[in-house]
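For the record, the sequence lines run as chains A and B. Counted from 1, the first sequence has number 70 at position 70 by the working numbering; the numbering is strictly sequential. Counted from 1, the second sequence has number 3 at position 3 by the working numbering; the numbering is strictly sequential.
One should not assume that every hint holds.
Derived lysine to aspartate or glutamate pairs resembling DMTMM-like cross-links, with alpha carbons at most 20 Å apart [to be verified]:
#1 LYS70(B) - ASP130(A)
#2 LYS61(A) - GLU66(B)
#3 LYS114(B) - GLU150(A)
Sample of chain B residues at the chain A side, in silico, Cβ under 8 Å [unchecked claim]:
#4 ALA95
#5 PHE105
#6 ASN108
#7 GLY109
#8 HIS110
#9 THR116
#10 THR120
These stretches of chain A come out as covered by chain B in the derived footprint (C-beta under 8 Å, 3 or more residues) [what the hints assert, rightly or not]:
#11 78-84
#12 115-125
Just so you know, these hints were derived from the structure itself, not from any lab. Nothing here was measured: the structure is a model prediction, and the numbers come from that model. All C-beta atoms in this analysis are idealised placements derived from N, C-alpha and C, irrespective of residue type, glycine included.
The primary structure of each chain is shown beneath.
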Amino acid sequence: MHPSIPIALVGAAFLVCGCKVSKPGVLETRVVVATKHHIIVGNKSQTNPLPYNQDNLIAGKEAFGHYCVACHGLDGQGTGVPFAAAMSPPMPSLASPEVQTYTDGQLKWVIDNGIWPSGMPASKGILNDDEIWSIVIYLRHLPSAGSLGEPEMYSH
Amino acid sequence: MKFKALISIMDVLVITATLVLPPHSSGQGSSQRIEIVAKRFDYTPNDVTLKKGVPVLLVLTSKDVEHGLKVPGLNILLKVKKGESKELALTPSQAGTFTGQCAVFCGNGHGSMKMTFHVTE
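Between the sequences and the hints, there should be enough to build the whole structure, so can you do that?
Here it is, written out as structure tokens:
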């Protein structure tokens, strides 16, 4: 047997096993979160042009309800989303410190551009700027977990 | 004879009035009617010019799914279901250029579904 064949087999096995969904370790999580916050996600200094008020909060909740609920749930905390706890990289609760410590500008950037390889898609052009900024307002004022029930699409 | 002369004078007056006076508009006072058709993911027309202080009647029609038209600077908010039309009477009170965008999530091009209103002095 050629000596490179076992090495190739081990490498292939590693690649196959490496593609399986699994929970990341603590160190991996910390490195990824720090990298996202300080290197990858831009637009740190931009402020939200929309003021916080009931109209903009309702608009944000409505826009979030049309588009984001399929993955994040009505409450932004994954309530009722059957695959929410099974994703890798894991999908954070939008009420968690990991998300809430982003600036408003960074949240806009994440919604605009998505984050590879998390599964978060880019939404620029799908939602307009006003809707995205109103979603940022909604993210800052999320209801308590479970208080809105689950998305209708998962209850049929 | 006098009667015939009177009829002739009235005819002349009516014809003169028809030629000289501006046409009478029906419906919303003297509103100009502007029809806008919405379909995924654009408006036709997508560029409209209005005159400050002149009343208009906007008519928004959707050809496919539910759409909307939101122009905060002109106080316009219309939502219309598939195959239906909605009207809004308005009188622009300030000149400028205003962007309108779809107010109802309508699919993957929703965010870029926009049109422009020019309001001239």
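Going through the hints against the structure:
1. LYS70(B) - ASP130(A): With a Cα-Cα distance of about 11 Å, the restraint between LYS70(B) and ASP130(A) holds, given a limit of 20 Å.
2. LYS61(A) - GLU66(B): Distance ~19 Å between LYS61(A) and GLU66(B) Cα, so the pair holds.
3. LYS114(B) - GLU150(A): The given pair, whose Cα atoms are some 32 Å apart, is violated under the 20 Å limit.
4. ALA95: violated, 22 Å
5. PHE105: holds, 4 Å
6. ASN108: With Cβ-Cβ at 5 Å, under 8 Å, it holds.
7. GLY109: holds, 7 Å
8. HIS110: holds, 6 Å
9. THR116: Result: violated, 14 Å to nearest chain A Cβ.
10. THR120: At 25 Å from the nearest chain A Cβ, THR120(B) fails the 8 Å test, so the hint is violated.
11. 78-84: Violated: only 0 residues of the segment 78-84 of chain A have a Cβ under 8 Å from chain B.
12. 115-125: With 3 residues in contact (Cβ-Cβ under 8 Å with chain B), the coverage given for the segment 115-125 of chain A holds.
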